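A.B. asks: Protein chains in written order, with this note's numbering: chain A, 2 to 135; chain B, 2 to 135; chain C, 2 to 135; chain D, 2 to 135; chain E, 2 to 135; chain F, 2 to 135.
Since the hints were made in silico from the structure, they are not lab data.
Just so we're clear, the structure is a prediction, and the values are computed from it rather than from any experiment.
Please note that the accuracy of each hint is not assured.
Identical chains blur together in the list; that is why a pair holds if it fits in one copy or across any two.
[What the hints assert, rightly or not] List of simulated lysine-lysine pairs, DSSO-like, C-alpha gap at most 30 Å: (1) K29 x K95; (2) K55 x K95; (3) K55 x K6; (4) K6 x K48.
Protein chains: 6
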Amino acid sequence: MPMVKMVEYGEASPEVRAVYDDIMATRKTDWVNNFWKVLASHPPTLKRIWENVKQVMAPGTLDPLVKEMIYVAVSVTNGCEYCIHSHTAAARAKGLTDAQLAELLAVVGLANDTNRLANGYAIPVDPQFRRDPA
Amino acid sequence: MPMVKMVEYGEASPEVRAVYDDIMATRKTDWVNNFWKVLASHPPTLKRIWENVKQVMAPGTLDPLVKEMIYVAVSVTNGCEYCIHSHTAAARAKGLTDAQLAELLAVVGLANDTNRLANGYAIPVDPQFRRDPA
Amino acid sequence: MPMVKMVEYGEASPEVRAVYDDIMATRKTDWVNNFWKVLASHPPTLKRIWENVKQVMAPGTLDPLVKEMIYVAVSVTNGCEYCIHSHTAAARAKGLTDAQLAELLAVVGLANDTNRLANGYAIPVDPQFRRDPA
Amino acid sequence: MPMVKMVEYGEASPEVRAVYDDIMATRKTDWVNNFWKVLASHPPTLKRIWENVKQVMAPGTLDPLVKEMIYVAVSVTNGCEYCIHSHTAAARAKGLTDAQLAELLAVVGLANDTNRLANGYAIPVDPQFRRDPA
Amino acid sequence: MPMVKMVEYGEASPEVRAVYDDIMATRKTDWVNNFWKVLASHPPTLKRIWENVKQVMAPGTLDPLVKEMIYVAVSVTNGCEYCIHSHTAAARAKGLTDAQLAELLAVVGLANDTNRLANGYAIPVDPQFRRDPA
Amino acid sequence: MPMVKMVEYGEASPEVRAVYDDIMATRKTDWVNNFWKVLASHPPTLKRIWENVKQVMAPGTLDPLVKEMIYVAVSVTNGCEYCIHSHTAAARAKGLTDAQLAELLAVVGLANDTNRLANGYAIPVDPQFRRDPA
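Excised from the complex, chain A in its bound form (with noise of 0.2 Å):
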């Protein structure tokens, strides 16, 4: 149970179903998932982190499946169940395969591991990793 009222697209203001709207045609689905039905209780959070959402998963420099698992990685180390269920979720959509899964998972375990090697052992950067920004 969220801790604010979900709000679902029938009892919707305008402003709320436009974002709706947007979201379903966006992604091409006929259905809005409990992230944005909870979101929708505060209208400017609900319009802020779509719009945010929009810009930065849009195809870039970077393709859509390759955001999705970083996304996926940050949602992983970070614990967030809702968010490694959705975006798992978003990333098989793109085409994510189970073995690419385990690749992206073996990855951020390892990372989890070094880091707190380099962190524990207090190893100083290498100058030859600092770059003189162009």
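Following the hints, put chains B, C, D, E and F in place on chain A, whose structure we already have.
C.D. replies: Here is chains B, C, D, E and F on its own, set in the frame of chain A:
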């Protein structure tokens, strides 16, 4: 100053030197970064971690640049300064542009944001996202 | 099911009961929540943590609702389900509205985002932000 | 040294300069901190993040100092050095005293402690904390 | 429901079965827990992670119960529900008492608290703590 | 430079000096580290945190070196530079060798890895790990 003495190539045991040689051969470089010189203070860890990195970061169903980006995403989420520098440098060596880095960090940032909205509102996972494993 | 047996009031030792009584008197409630019933399995921890909470959460230069919001902000960032529920309920009991919760979570989300942009780009701290302690 | 070149006002494009001008006007300052100079390397991110900060941090049902304290609480929990310095400075500019900072950090610390006790003991959420959304 | 199908012993390939047999022989148990059944969906990961666990958790200069307690401390800090349950159970099987668990969690909680005080106040590391590596 | 002025022994109030004296007597040292000098800017926090540390880190059912190792494990997982240095130094003062540090960090790293595999695959907790509290 790291927690333990770093092992330079010239003073390394044959066991450590074999790992250093493999690192340089695999990466086609002529130097070994501080991470490995520190792990070399405990040779079983040096060997184990290198074997993990070699296996996990090898080309597979995901390409090496995607793997490096995932590594950066985790390191940034955890705030590991050493790993942010070393893996961003590695990603650049594999072709990452400034524009791609910007898109990568934009996704990482946004995922960290929405992870908290999902947690904070205690949003229930949509049944559509729960997959019946084949 | 928690890791240890929860201690109900009726079966509590005088030492534990004294803490329970103080919790209920301080909070003007007639029940004790699971957090304390679990800590009661180790009375020195029960007493120590309650004394910390009582001192830290008391009205001071910050008002109690602000303190509860800070508690929620931390719990959401860490993804602690129990604490998100218990401290959001406590904040509501102190007057937090749905609109205030939405603003609180918006700040928490955004801070989690920009924290990663700052880390990921390795942004140096401006000298203007470093304060000469009086 | 940051990952990308910082964009100074004098060399900024009109698009970037417009954001810088808005930051200084909104904050009534005559300088722009490094965070924005780094984001300016990717103008769409600069504009997007500034619009988020402007909307989220504006006075609303929570006052700006409370919002800055929440920002500090998150940044401290995540250990983001840049953000700790910049948002503590911002909070001080809005009136935060040393005594208030001490109380803020005491709550942040204690919340981080009890979050782990709740997780470690796997404490079930009390039904009283689960709210029936209106 | 996990993200991938769990592999039961009866349907496992010889490669997977060999790992399962080694897990049970090493642990002197007659069953394999879900963690391994899930990893078995990607045999190279199953084998790699098991080899890591076997090497790292073996008796060495630290005894196995101490290693399990460290595992619990990390899992609690990260809020990983599966790992908290599995490693607390493993520690109990190695002799951990309720009183020891209480002391372990008290340290974990307090460390999480003082970590934030150190970060929040930006406390400089005392030169006495920086060791000249031999 | 810390966020507040550090309080040196010579300028300390009797209240603060009493805590400093107790720290030095308990630890059998003749100096006080920066952590306490910073907390001394808010004497109730200084006194409260010291009492917590003194109680939690005292010998009990776990020995003090094990407690220090747990403290290091948490600090490394959180990436707290100050705490990593101070508690690794404390552990060394209690006898921790380089080989033990290597094993400790190997466990910390691996736990951080498998925590993410468990989260990422959404592995259900085995009923065998859920304990019926006595």
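A.B. asks: Could you run down the list of hints and mark each one as holding or not?
C.D. replies: The hints, checked one at a time:
1. K29 x K95: For K29 and K95, only the intra-copy Cα distance (12 Å) is at most 30 Å; the inter-copy one is 34 Å.
2. K55 x K95: both (16 Å within a copy, 28 Å between copies)
3. K55 x K6: both (24 Å within a copy, 27 Å between copies)
4. K6 x K48: within (17 Å within a copy, 32 Å between copies)
The structure agrees with every numbered hint stated previously.
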